[in-house]
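Number of protein chains: 2
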Amino acid sequence: MQTDPPLYFAGHVFCCTNERAEGHPRGSCKAKGAERLRDYMKKRAKEMKVRGVRINASGCLDRCELGPTLVIYPEGVWYHYDTEADVDEILERHLIRGERVERLMLQPGQTRLSETAGK
Amino acid sequence: MQTDPPLYFAGHVFCCTNERAEGHPRGSCKAKGAERLRDYMKKRAKEMKVRGVRINASGCLDRCELGPTLVIYPEGVWYHYDTEADVDEILERHLIRGERVERLMLQPGQTRLSETAGK
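These protein sequence lines map, in sequence, to chains A and B.
Under the working numbering, the very last position in the first sequence is 128; numbers go up by exactly one each time.
Under the working numbering, the very last position in the second sequence is 128; numbers go up by exactly one each time.
Chain A on its own, in the form it takes in the complex (with noise of 0.2 Å):
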């Protein structure tokens, strides 16, 4: 086994900001109000000062029905998430504590939201 360099980013964070066109069966991050949201995240974890992590927008992860999504690596943990609140906890328990924030987790097999824990 090769040994990787470490990390550039300690926390890498990835909103899905796709569109799609309006009334697709599949819905769009973006049409559920991602931009706005990640716009938000990055103002946010700059004002709470998150280190060695960085926001960016990507483009679409596949995962348009649980939407908003957002993966953050290198743990590869995927969230829904709906509110400027739920952005706030995401940054504050996973980002700074590196707890999880549960109620929001999407997992690997999942395909409708009514299926996350506390939904």
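Incorrect hints may appear among the rest.
Copies of one chain are not kept apart here, so a pair can be met inside one copy or by any two copies together.
[Unchecked claim] Using 27 Å as the maximum straight-line C-alpha spacing, the simulated DSS-like pairs for lysine-lysine come out as follows: (1) Lys39 / Lys51; (2) Lys51 / Lys41; (3) Lys52 / Lys39; (4) Lys55 / Lys39.
It should be emphasised that the hints constitute simulated quantities derived from the structure, not laboratory data.
Chain A is fixed; fit chain B onto it per the hints.
Then chain B, alone, in the frame of chain A:
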């Protein structure tokens, strides 16, 4: 320590396709051909039947001087890539065989391309 769910994508590639205004001192990945190369990578990954891997475009990864850049998670390995041959090699060696393409890999403290091994 919590146990995170299994990964949704075994390999998740983010290709920076950010564009800056022409003449910006940092340059930008898009101005260096990133969008075309990312489209090629997506097409080739399908042709090569690379399983469990997603090739996404992303916003600015903030390593503009080293661009075009991409990062592969969960391992967090970064590459500079310039040509379709570079893309083929990253797909074949890193994503299919689990090797590393040393001549294109970026190191965390690196700020100039000439420091890349083999460049």
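Hint check:
no. : hint          : in the structure
1   : Lys39 / Lys51 : both (16 Å within a copy, 22 Å between copies)
2   : Lys51 / Lys41 : both (18 Å within a copy, 26 Å between copies)
3   : Lys52 / Lys39 : both (18 Å within a copy, 24 Å between copies)
4   : Lys55 / Lys39 : both (22 Å within a copy, 26 Å between copies)
The earlier numbered hints are all upheld by this structure, with none contradicted.
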